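Enquirer: What follows is the residue order along each chain.
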Amino acid sequence: MLELLYRHLTLQTVIWLIVAFPLFGAAANGLIALATARDERARFRPLVTLLGCGAPMLSFAAASVTFFTLTGFEAGSPSAITGPLFSWVASGALVVDVGLNADQLSLIMSLVVSGVGLLIHVYSVGYMRHDAAYSRYFAFLNLFLFFMLLLVLADNLVLMFVGWEGVGLCSYLLIGFWFEDRDKARAGMKAFVVNRIGDAGFLAGMFLIFGVMSAAGVNPESGFFNFQTMERYGAYFVPVATAVSLLLFAGAVGKSAQIPLYVWLPDAMAGPTPVSALIHAATMVTAGVYMVVRLNFIFALSPFALHAVAVIGASTAIYAAVMGLVVTDLKKILAYSTISQLGTMFLACGVGAFTGAIYHLVAHSFFKALLFLSAGAVINALGGEQDVRNMGGLKRRMPLSAWTFVIAAAALAGLAPTVGFFSKDAILWQAYERGNTVLWAMGFLGVGLTSFYIFRAAGFVFFGQTNVSMERWKRVVEAPVSMAIPMMLLATGTLVGGFLGVPQCLGGVNRMGEWLGQLIPYEISRAPAPGTHTEIILMVITLLWSAHFSILGLLIYSQKRDLPGRMAKKVAPLHRLAVNLFYIDELYEKVIVRPLTWFSSRVLWKAADRVAVDGLAVGGTARAVGFMAVVASAAQNGVLQRYLLYFLVGAVAVIAFMAL
Amino acid sequence: MVTLQHHLILSVALFVIGATGVVVRRNVLVMFMSVEIMLASVNVALLAFSRWTLLPNGQALAMFIMAVMAAEAAVGLALVVAFFRLRRTVFVDEMKLLKG
Amino acid sequence: MVGEMQSMNTILFYLLAASAVFSALATITRRSPPASAIWLVVSLLSVAGIFGMLGAPFLAALQVLIAAGAVMVLFLFVIMLVDQGEESLRPRIVSFGRVLGAVASGYLALILILAIWKPPFVEAPKSGAAYEAPLTLALAVVGRYALVLELVGVMLLVAAVAAISLAKRDTTAGEG
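Protein chains in written order, with this note's numbering: chain A, 1 to 660; chain B, 1001 to 1100; chain C, 2001 to 2176.
Be a bit skeptical, because a hint or two may be false.
Anything over 10 Å on all C-beta distances counts as not near chain A; from chain B, calculated [claimed, not checked]:
(1) Ala1019
(2) Val1023
(3) Ala1071
(4) Val1081
(5) Ala1082
Pairs of lysine-lysine residues, derived as DSSO-like cross-links and limited to a Cα-Cα distance of at most 30 Å, are as follows [claimed, not checked]:
(6) A:Lys560 to A:Lys570
(7) B:Lys1099 to C:Lys2118
(8) A:Lys606 to A:Lys395
(9) C:Lys2168 to B:Lys1096
(10) A:Lys606 to A:Lys590
(11) A:Lys590 to A:Lys474
Hints listed in this document are in silico derivations from the structure and should not be mistaken for laboratory results.
Values in this document were obtained by computation on a predicted structure and should not be read as measured data.
The beta-carbon is built from N, C-alpha and C at its ideal position, and this holds for glycine as well.
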C-alpha cells in the first residue's frame, strides 16, 4: 500500500503538492467561511485551524523534501522541472503551459514563503482567536500562500503574472479584512490600485517580450514566456533590453513599494498584524525582487536599466529610512522599514549582486516578520494601541517580546552575529566593488538611519518610562504560546542564519552565494576578486557605524525622550515636512487622483455612459422598437373589415403575380 | 353563342361586386349579404366547369357549398345578434374590441 | 329551330346575367338594409336561373329554396331585429380603406378577365338528360362524396347548436 503511494509520489508530484496544499486549504476554509457566514458560534474553529495550519505545514514539508532531494546546498545541484501540467493557452503564436520549475532560486523562495508562512499561520491562531471572521481569514491567508508559491515556482512569465495578480488580490482582501471600517477598506483599495499601475508596466513589458520573440522567429511551441526559452534566446532581447527591463521593473516598483509607488504600504498596515508580517514584510513585497533576479539575464543586457534600478533602490532606502525617523505609529515605522530594506535589495540587484539581494531577502523575511510579530504581541496586549508615544517600559511585563524585538532589530541594523549583518555586508561590499562609491555611500547612510530608527522604536516601546495608563498596564500579559513559539523560532533563525552566507574573507564558504550563483552567470562573470582587506575594513566600519547609531537611538528614546522634540523645533519646517510624509499622498491626490475621478465622473460617466450608452444606444434602441411597434400596430384597429381589406389586397397581389 | 368564358366572366363580376361590398359597407349585415353574392358566384363558376366537362363533381361541390352557406349564415347572424345585445350597434366601425 | 334555340339561349343568358349583376350592384349600394336584402333575393333568383341553364335544375331549386328562401328570410328577421334605421342617419365615411378596397376589387376584376378571355371559345358540349338528371348528382354525392356528405351533415348540426347557443338570451342569474 505504501509502496503504491511511493511509486506514484515522484518528485514532480511533490513539487506540485507544494502549490496544491494551500489551494486546497483555501478552498476548504472558504467553504467553511461561506457556510458559517451568519453563524456566530465558533463550532468549526478547530477544523479551520487544522486546515489552515496544516496546509502550509504540508507545503513546507513538500518544499523541504524537494530541497533535500535536489541535494541541498551543495554546489552543482540540479534543478527539477515538472514539465507542463496542462496547456493553458494555445492560440496562434501565444502558447502558455502551466508548469513548475524548482531550481535553486525557486526552492529557496518557496522554503522561505512556506516556512515563514507556516509560522505566521500558527501565530494567527492566537492573534485572531477573538475575531468573528476566523475562517475567512484563514481562507484568504491560505489563498495568498497558494498564489505566492505559484509565483515563485512558475516556469513561465505568464503563470508568474497569475501569481503576481493573485497575491495582489489577497493583499487587498486581507488589508481590508475589517472592511466595516471605511478607512481600512480604502487602504485595501489603495493598495490594489497602486499595484495595478505597476502591473500596467509589467504587462507592457510582456507585450514587448512577445513582440521580440515572435519577430525573432522563435518556435511558439516552446513557449515565448518560458524562462528557459527566454534565457536561451536572450540575444534577441538586446535591442529592447532597456525598455523591457524598465517596464517590468515598473511592476516591481508597484509590488515592492519603491518610489514612486510606495504609498500603499504604510496604509496597508490597516490589516491584521500577521498579515502585515507575512505579506508586507516577508513575501509579497519581495516578489518584485524575485522577478528581477529571475529575469536577470534581460536586465544584464542593459546597464542603464540596472543603474536605474540601483538608483531607485538606494533613494527609496534613504527616503523611507527618513520617514522611519518621524513616524509614531509602530506598524508604520516597520512599514517604512520594509520599503527601505526593499530598496536595499534593489540596490543589490542594480549593481549585479543578485545573490546578495536574495540572501538579504531571506534574512529580511526572518527578522522583519519577527519584528511585526513582536509588535503584534504588544499591540494585542495593549488592546489595539499602536502609537509608540503611548507605550514604554514594556520589557518589564513582556520580556519575551522585548527580546525577540531586540534581536530582530539588531538584525535589521546589521549587527553581528545576526543574519542581517552578513546579508547587509554582502550588499554593501558588492555595491562598493561593482557599483560606484556614490551608491555605496547611499547604502551606508541608509544603514545608519536604519539602526537609529529601529532602536528608536525599541526604545519607545520596551524601555524607559512608560506612558501606558494604569488600568491597561495591569492587563498587559505576554503573548500566548501559539504566538510565542513562532516568535522564538524566528529569533533562532535570525541568530543562526548568518552561517549560510559567511563570506570567504572571514573564512566561510558563503554557501548561499555559491549555490544561487550558478543560476546567474552575469554575477559570476563580474564577481569582484575575493579581496580580503577591503572587505574586512568595510565590514568593521559598517559595524561600528550601525552599532553607534543603534546605541544612540536606544539611549535617546528610552531615557531622553524630550531631546528629539527640542531638536525638531530647531528645524521646524523641515521636521513638519517630514512628519507629514512630505505631503506625497496629498500631491498624488491632487495631481492624479482628483483629475482622474473628475474625468471618470464627468466625462465617462455622465457623458459617455449616461447619454451615449444608456440614452442613445440602449434607450434609443428600445424607443425605436417601440416607435416602430406603434406604427405597426396602427394597422390593427380591431375592425374586422379592415383586416378583410388586407386579405383582399393580398389576394389581388398574389393572383396578379400568378396570372400575369 | 355562350361560351365557358362568358360564364366565368359572370362569376368574376359577381365575385368582385361581392368583394367590394364586403370591404366598403359599414353595416355588418350588408357585409354578410355581399358574402352570399360571392358564394353564389363561386357556384356559377363551378357549375359552368361541370357543364363543360360533363362531370357531376362540380355540381356536388356546389351543393355542399350551399350547405356551408346556410350554416355560415346561421352562425354569423347569431353572432350579429349577440353582439348587438352587447353593444347595440351593427356598424363594423364600432366593433373594435380587438383593437391593438 | 336550333338556331332560334341557340339565340334564345344567348338572349336568356345575357338577360339573367345582367339581372344578376345589376341587382348585386344594387345590393351593395342601397342605404337601407331591407332594400339590400330584397335586391339580394333578386340576384340570387337570377343566379338560380343561370344554374338551370347550366343543366343543374336540382341545384337551381336548391338555390331558390335555401339561399333565396331560408337564408334570406333569416336575414330579414335579423335586419328587422337590429333595425337601426337607415344608414344615412349616420354620415357615410369615405375612408382611405374603402377607396382602396374598391380599387383593389376593380383591379382584381381586370386581372381575372384578362386571364380568362382567351381562346379557345367553345360552345357547351351536347349533354343528354343523363347529365341533367338529379340522379347523376345523387349518385355522385352518396358515392364519391359520401364522406363529405356526412361531414356536411355534422357541420350543419354543429352550426345549428352554435347558432342557438350564441344567440340565446342569458336568463340564468349570476352566470357569466
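Enquirer: Compare the structure with the hints numbered earlier in the document and write down the numbers of the violated ones, lowest to highest.
Expert: 1, 2, 7, 8, 11
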